[in-house]
Amino acid sequence: MQEPGFLILTAVADEPRHGYGIMKEVEIISGGNVKLRAGTLYAALERFVGKGFIEVEREEVVDGRHRRFYRLTEDGRTELNAEAARLAGNARVALQRLNTIAEGGV
Amino acid sequence: MSEHGRALRAILRLLPADYRQSHADEIVTTLRDAQENGPLRARPGDLASLASAALKIRARSHFDADWRPEIERGIVLGVRAFMLFLAVGAAAFLWTTVLRGASIYWGYDYSDGTRILFAAVLLPLIAAFVLQLYGRWREATVLAVGGNLAAIALAVHKITANDFGVGFGTLAAVGMSGLAIAMMMAGDRLSAGAVRRPLLFVGIWAFPSALVGPLVSDLAWQMGRPIVAVGGALVLVAIGMAVAGRPHGLVACAVLILPGWLMGGGLQYAGGWGYVRVEFVLWTLIFMVATAALLIAAMAVVRRTGLPAGD
Chain W
1 MQEPGFLILT AVADEPRHGY GIMKEVEIIS GGNVKLRAGT LYAALERFVG KGFIEVEREE
61 VVDGRHRRFY RLTEDGRTEL NAEAARLAGN ARVALQRLNT IAEGGV
Chain B
1001 MSEHGRALRA ILRLLPADYR QSHADEIVTT LRDAQENGPL RARPGDLASL ASAALKIRAR
1061 SHFDADWRPE IERGIVLGVR AFMLFLAVGA AAFLWTTVLR GASIYWGYDY SDGTRILFAA
1121 VLLPLIAAFV LQLYGRWREA TVLAVGGNLA AIALAVHKIT ANDFGVGFGT LAAVGMSGLA
1181 IAMMMAGDRL SAGAVRRPLL FVGIWAFPSA LVGPLVSDLA WQMGRPIVAV GGALVLVAIG
1241 MAVAGRPHGL VACAVLILPG WLMGGGLQYA GGWGYVRVEF VLWTLIFMVA TAALLIAAMA
1301 VVRRTGLPAG D
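Those protein sequences? They're chains W and B, same order as listed.
Just so you know, we're using our numbering here: the first sequence kicks off at 1 and counts up by one.
Just so you know, we're using our numbering here: the second sequence kicks off at 1001 and counts up by one.
Bound conformation, chain W alone:
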């Protein structure tokens, strides 16, 4: 899974969010390093909805603006869990090796 996809799933993991809400949350989660464009967001949402990782929770129209709120499904939660564990494993190995090098005085 690519980073934007991972961040999008993470953004809707705790509560349903609409398009711009997801974009903002991704920026916060990534510490400002990832700024999603609308095209990236909607291509990913369409793919994740197709795979059953995300579903539409509700829609609302306020002041002529149509917003659709997305939330993580059970399948999405499983997928995000697996991906997070994989990334955490990689990060752990990287940190261990960096520590080994540091302790060795290299």
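It is worth saying that the hints were derived from the structure and are not from the lab.
Glycine included, each C-beta is placed from N, C-alpha and C at the ideal position.
Keep in mind that a hint or two might mislead.
As the list claims (entries may be wrong) - Calculated lysine-lysine pairs in the BS3-like style (CA-CA distance at most 25 Å, straight line):
1. K24(W) x K1056(B)
2. K51(W) x K1056(B)
3. K35(W) x K51(W)
Unchecked claim - Taking beta-carbon pairs under 7 Å as the criterion, some of the chain W residues facing chain B (in silico):
4. G19
5. G39
6. E46
7. H66
8. R67
Starting from the known structure of chain W, arrange chain B on it as the hints suggest.
Only chain B this time, still in chain W's reference frame:
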């Protein structure tokens, strides 16, 4: 509407119709939200990103869920289209043979002075194309069978005159056409109405025809190159029409590719082997203009009348 608004609207049209219907407002809202409730001014980067996403979503909608049945259907359509191609090739033989026969009987030499008759070669091709487009399979089949029978006579004549290349080549083409016609008569018919999933149709149709076309119609190199190039361009236009969700235009385009190549082949066949003349260049230009005119006309007809009922 601002230029940005127009650009955004144009890009949203790239989305598949059903997705656009349900998501366009939402996407516009997201863009507006991102600009903190200001007037909608999508930045170039946003527009490019949306265009890329639209093409991805469109591609997925084409190929994801019903991909396997589409492959099977595409193969069936391709085989049927190939048979149509062979049948039209047989129709080409009818008239080239008639013209050859006339030249032999009256002592004309096709390479000198009678090339004006070659235009007649176009008539059965266009007739067969129109007949099949409108579902008149019986008449198209009669035309093709007549072409085959006439071509057998030509083949025998050429073989007895020790022109084995043309003779046996013609017999081989007759055999292929005959097989196709027999299958068509058995009820396995191509319907233009079936060409709703056109990418596979065009793809499967274009490649074998590019390979076999020169063999079937004696397409000589000097005439063949520009004509194949035009055919290739038509394939691209057809694919573009498919991507743009315009199956009618695509069908009109696709059905012209092979008849177009065969027109050139028929002309070259009537002109004999190995001639490189100004007339061929002229004919190629005429062919290109005629193809464009036919394309426009066919699209207009199909748009006005709808596609023939089919499977």
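Is the hinted pair K24(W) and K1056(B) satisfied, with a Cα-Cα distance of at most 25 Å?
-> 23 Å, holds
Holds or violated: is there a CB of chain B closer than 7 Å to the CB of G39(W)?
-> 3 Å, holds
Take a quick look at whether K35(W) and K51(W) sit within 25 Å of each other, Cα to Cα.
-> Cα-Cα ~24 Å, so holds.
Classify the hint on R67(W) as holds or violated, based on whether any CB of chain B lies nearer than 7 Å to its CB.
-> 6 Å, holds
Does H66(W) meet its interface restraint, that is, does its C-beta lie within less than 7 Å of any C-beta in chain B?
-> With a closest approach of 4 Å, the H66(W) hint holds.
Hey, K51(W) versus K1056(B), does the alpha-carbon distance stay inside 25 Å?
-> 15 Å, holds
Given hint G19(W) near chain B, where the shortest CB pair must fall under 7 Å | G19(W) check passes; min Cβ-Cβ to chain B is 3 Å, inside 7 Å.
Proposed interface contact between E46(W) and chain B, which counts if any beta carbon pair is under 7 Å | Holds: closest Cβ of chain B sits about 5 Å from E46(W), inside 7 Å.
Comparing the model with each numbered hint stated earlier shows that all of them hold.
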